[in-house]
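Q: Below, each chain spelled out in residue letters.
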Amino acid sequence: MEKILLNVAAPDIETYIKAGGYRALKKAFAMKPEDVTAEVKKSNLRGRGGAGFPTGLKWSFIPKTNPKPRYLVCNADESEPGTFKDRELLRKNPHLLVEGLTISSYAIGAKQCYVYIRGEFAEEAELLKNAVREAAQRGFIGKNILNSGFDLEIITHRGAGAYICGEETALLESIEGKRGLPRLKPPFPAVVGLFGCPTVINNVETLASVPAIIEKGGDWYAGLGAGKSAGTKLFSVSGPVKKPGVYEIELGMPFKKFLEEYAGGMLEGSVLKAVIPGGSSVPVLTAGEALKMNLDYESVQQAGSMLGSGGIIIIDDKACMVETLLVLAGFYHHESCGQCTPCREGGGWIEKLLAKMEKGEARETDVDLVYSIAENMLARTLCPLGDALAMPVMSFITKFRPEFEAHAKGKP
Amino acid sequence: MPKLTIDGKTIEMPKGATILQAAQALGVYIPRYCYHPSLPVSGTCRMCVVEVEKTAKLQIACATEIADGMAVRTDTPAVKKARRDVLEYLLINHPVDCPICDQAGECFLQDYYMDHGLHKSRIAPGDKIRRSKRRAAGKYLTLDNERCILCTRCVRFCDEVTRTGELTVSGRNDASFIDMKEGKGVDNDYSLNIADICPVGAFTSRDFRFKARVWFLKKTGSICTGCAAGCNIEVHHNEGIVHRLMPAPNPETNTWLCDRGRMTYKVLRAGDRLSKARIKKGSMEPEPALRQAAHLIDDAAHRAGPESVAVLGSPYLSLEDNLAIAELASGSIKTGALCLDFSCEQGVKDGILINKDQTPNANGLKLLRARYGGLDQNALIGLINSGRIKLIVAEARALNSLREKLRDLSNIPTVILALAKSDLDFDSDCVLPYASYFETEGHFVNYKGRIQKTAAAVAAPEGVQPLWLVLSKISSYTGAPIKIEDTKAMSAKLSEYALGKSVIPAICKPGSIAAKSTRE
Numbered sequence: 006m007e008k009i010l011l012n013v014a015a016p017d018i019e020t021y022i023k024a025g026g027y028r029a030l031k032k033a034f035a036m037k038p039e040d041v042t043a044e045v046k047k048s049n050l051r052g053r054g055g056a057g058f059p060t061g062l063k064w065s066f067i068p069k070t071n072p073k074p075r076y077l078v079c080n081a082d083e084s085e086p087g088t089f090k091d092r093e094l095l096r097k098n099p100h101l102l103v104e105g106l107t108i109s110s111y112a113i114g115a116k117q118c119y120v121y122i123r124g125e126f127a128e129e130a131e132l133l134k135n136a137v138r139e140a141a142q143r144g145f146i147g148k149n150i151l152n153s154g155f156d157l158e159i160i161t162h163r164g165a166g167a168y169i170c171g172e173e174t175a176l177l178e179s180i181e182g183k184r185g186l187p188r189l190k191p192p193f194p195a196v197v198g199l200f201g202c203p204t205v206i207n208n209v210e211t212l213a214s215v216p217a218i219i220e221k222g223g224d225w226y227a228g229l230g231a232g233k234s235a236g237t238k239l240f241s242v243s244g245p246v247k248k249p250g251v252y253e254i255e256l257g258m259p260f261k262k263f264l265e266e267y268a269g270g271m272l273e274g275s276v277l278k279a280v281i282p283g284g285s286s287v288p289v290l291t292a293g294e295a296l297k298m299n300l301d302y303e304s305v306q307q308a309g310s311m312l313g314s315g316g317i318i319i320i321d322d323k324a325c326m327v328e329t330l331l332v333l334a335g336f337y338h339h340e341s342c343g344q345c346t347p348c349r350e351g352g353g354w355i356e357k358l359l360a361k362m363e364k365g366e367a368r369e370t371d372v373d374l375v376y377s378i379a380e381n382m383l384a385r386t387l388c389p390l391g392d393a394l395a396m397p398v399m400s401f402i403t404k405f406r407p408e409f410e411a412h413a414k415g416k417p
Numbered sequence: 320m321p322k323l324t325i326d327g328k329t330i331e332m333p334k335g336a337t338i339l340q341a342a343q344a345l346g347v348y349i350p351r352y353c354y355h356p357s358l359p360v361s362g363t364c365r366m367c368v369v370e371v372e373k374t375a376k377l378q379i380a381c382a383t384e385i386a387d388g389m390a391v392r393t394d395t396p397a398v399k400k401a402r403r404d405v406l407e408y409l410l411i412n413h414p415v416d417c418p419i420c421d422q423a424g425e426c427f428l429q430d431y432y433m434d435h436g437l438h439k440s441r442i443a444p445g446d447k448i449r450r451s452k453r454r455a456a457g458k459y460l461t462l463d464n465e466r467c468i469l470c471t472r473c474v475r476f477c478d479e480v481t482r483t484g485e486l487t488v489s490g491r492n493d494a495s496f497i498d499m500k501e502g503k504g505v506d507n508d509y510s511l512n513i514a515d516i517c518p519v520g521a522f523t524s525r526d527f528r529f530k531a532r533v534w535f536l537k538k539t540g541s542i543c544t545g546c547a548a549g550c551n552i553e554v555h556h557n558e559g560i561v562h563r564l565m566p567a568p569n570p571e572t573n574t575w576l577c578d579r580g581r582m583t584y585k586v587l588r589a590g591d592r593l594s595k596a597r598i599k600k601g602s603m604e605p606e607p608a609l610r611q612a613a614h615l616i617d618d619a620a621h622r623a624g625p626e627s628v629a630v631l632g633s634p635y636l637s638l639e640d641n642l643a644i645a646e647l648a649s650g651s652i653k654t655g656a657l658c659l660d661f662s663c664e665q666g667v668k669d670g671i672l673i674n675k676d677q678t679p680n681a682n683g684l685k686l687l688r689a690r691y692g693g694l695d696q697n698a699l700i701g702l703i704n705s706g707r708i709k710l711i712v713a714e715a716r717a718l719n720s721l722r723e724k725l726r727d728l729s730n731i732p733t734v735i736l737a738l739a740k741s742d743l744d745f746d747s748d749c750v751l752p753y754a755s756y757f758e759t760e761g762h763f764v765n766y767k768g769r770i771q772k773t774a775a776a777v778a779a780p781e782g783v784q785p786l787w788l789v790l791s792k793i794s795s796y797t798g799a800p801i802k803i804e805d806t807k808a809m810s811a812k813l814s815e816y817a818l819g820k821s822v823i824p825a826i827c828k829p830g831s832i833a834a835k836s837t838r839e
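Line by line, the protein sequences are chains A and B. Per our numbering, residue 6 is the first one in the first sequence, and the count goes up by one each step. Per our numbering, residue 320 is the first one in the second sequence, and the count goes up by one each step.
Calculated directly from the structure, the hints in this document are not laboratory data. Bear in mind that the values here come from a model prediction, so they are computed numbers and not experimental data. Certain hints may be false.
Below, in silico cross-link-like pairs of lysine-lysine (BS3-like), each with a Cα-Cα straight-line distance of 30 Å or less [what the hints assert, rightly or not]:
no., chain 1, residue 1, chain 2, residue 2
1, A, 361, B, 400
2, B, 447, A, 414
3, B, 772, B, 537
4, B, 772, B, 668
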């Protein structure tokens, strides 16, 4: 399979240009901005951050008559447990992102573009800054890029370690210098975004997919993958497999094939028990459910979970599901911003109960209680972080109830 | 205008209105914590959820804009369950210390628990989060973080109303707590409003703490006499004791109430209040003291002529009391040395409420001056300083305000009317007490010309009477009575002389326009 995202394995501009880099940029400038957007729409590219929202459609929400400046913001705050695909992209192919940022900014008419990069990605932030510098030296960003009359400034903004800043409106608050608290929506960022201006926020991988779409056409990209799940996607796989890592595959590949051919199969002595297919916030699947699904948005949803960010967490028969869920609950409790009631109060309560359960000190009724606390959070919070805890909790208990009950009865 | 239905009732509202506002207009009450009509929406408590037809998730009424054809339900099982669940979340870490909490009786947690909760506690007592209690938060407030539900009304009040920004949320998740920036307290002129808008017992008034149970309080609508703003208030009292003053929001005057205004009732507290007359530094029952005062006036008028008696109006006094002062001067003593000139610069001082004019009735004096004339202030000061004045009859604070311009007063006898000992800036051989405006009705004209009246919420100390009645009695002892002997006669005179009959119906009862409270 032809790689679109990880086709280059060195971060310098020479390697990138040799591999055909920045050709799409030249092609884009020969097009009208709205034709660039039309091409992305045609490609069926969907947001790779987790929600899978059609990218071209998102761009077209920018009001055409609003005289305020527009911003493109790249969400590089990759912090979800199990997800580490953007990091790989930033390390190996930062110029692909820079080219994607430039083309996308041109398409939506943004003269300033922010890349909000996770605080812990110190090395990646340097690589990106260097790529921006190199691109500026060659005239791929800056004033009057390639004599197109288009100006673009790319600003790298480092986060400070809060997972919630990956939520797009908390991210905007953070860039504005405020505490990273998710905003009430509506208004949506396309209308009132960064500094009150129309803003498009896309994930690293999404924007890195744009150059290939422009170079080879939306139809070509739409032909890759499986139906509505077009194109290629990065999957980061972790857990007791032989070859954990990041792999680019066409969407639609059977999970079984991915596990065996890319991840190298389970470690010796490990038996597949469960899979979290899309980053730690999506519902867990049993081995049986997972082995029947394909890796595309529709099929994973059919299996009862979500493709999300493509962060696949493999869980084997040696893992304790109570302990695993406790780790996740601890994370989401810790990262809750504390603004809205259900997430603020529910997360800590769930973690406390699971901690007692894990030690065999819980009450028998606590299994139902934990489930009920999560259920009461679902779809009731200001931002998706509440659901991100509720969904794993509910699915873990539903699918692995005997383990939870055994713990609750004091037999860990 | 978009037309929608809420629980089957139809209403049209302007575009941009929220479901909560539409419900309010229909008389459908939607429970809420973080929403407050005078603060920006935060949408975080999740208590005001409603069901909107054709929308999968429950929506928060406070932040959801209405749309044409929208069908909203506030009473479905899903809504009721969501409210109950929010209450459960808010109560798991709450200390439930209602028996010692001042908020009890006006607490949104208590009320909503009875209306929407009634669930059994599912948290193990040992799992509750403990937090700091009784933190001093500025001059007037105490903060109990354990009782706090993090609605952030207080933070938004300091950010958006006073723009002083003293408060913030520190920490995150369930370790979040309301905190004071740089450890400083709430230091603005409106801090006690935070105790009002706090829906629970987190911020309480240090002045009111442990003074009374709120369900015993009686509420009397009145106006604040702390400055020319004429803020509408509620006087909360029980068994003749005033416990606190609260704003009675009125779009014509005020939403909030300043801290200084709230403390004006302190004049009633024992210690400072004058409840007896003082004649030659000795205490005397008010009634016999009036004869002494009448004797002083008679004596000066006989010896040096009526013109030697100066009589001062006061911007701190009601129209009624100033009317009696003017009548005493012109009708009884028959002196021309009457001064009703106490106007000063007016206007909102801080962009919120507090007026540049710290007196409540300078505009009322202007009305009376139009009828009675009298000397302007400088002429009066000239007269006094020239030595031609042999007796001054005045309210204490009015005379205090002239002190800087007056020469030595020690040789001029005075008849002083005073509420409190601290009002006396000078020695006087005749000090007479009078009823405060918490104890008697009185009309005041605020800086906008709005005529409003105070109400008698509590009784004056025994023997202490309204000032106009004090003067009426003095005048009868001098043998030239001003003929205002009861409230009926007073009202008639007030209508005839000061306001003009046509103006009387315009007198606004306090809180008559919007008698809601900021508690919301």
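Q: Next step is simple, just say for each hint if it's right about the structure.
A: Hints, one by one, checked against the model:
About 27 Å separates the Cα atoms of residue 361(A) and residue 400(B), which keeps this hinted pair within 30 Å; it holds. Simply put, residue 447(B) and residue 414(A) have alpha-carbon atoms about 22 Å apart, close enough for the 30 Å limit, and the pair holds. A distance of roughly 19 Å separates the Cα atoms of residue 772(B) and residue 537(B); the hinted pair therefore holds under the 30 Å criterion. For the hint pairing residue 772(B) with residue 668(B), the CA-to-CA distance comes to about 23 Å; that is within 30 Å, so the pair holds.
Violation of the numbered hints given earlier is absent; every hint is satisfied by the structure.
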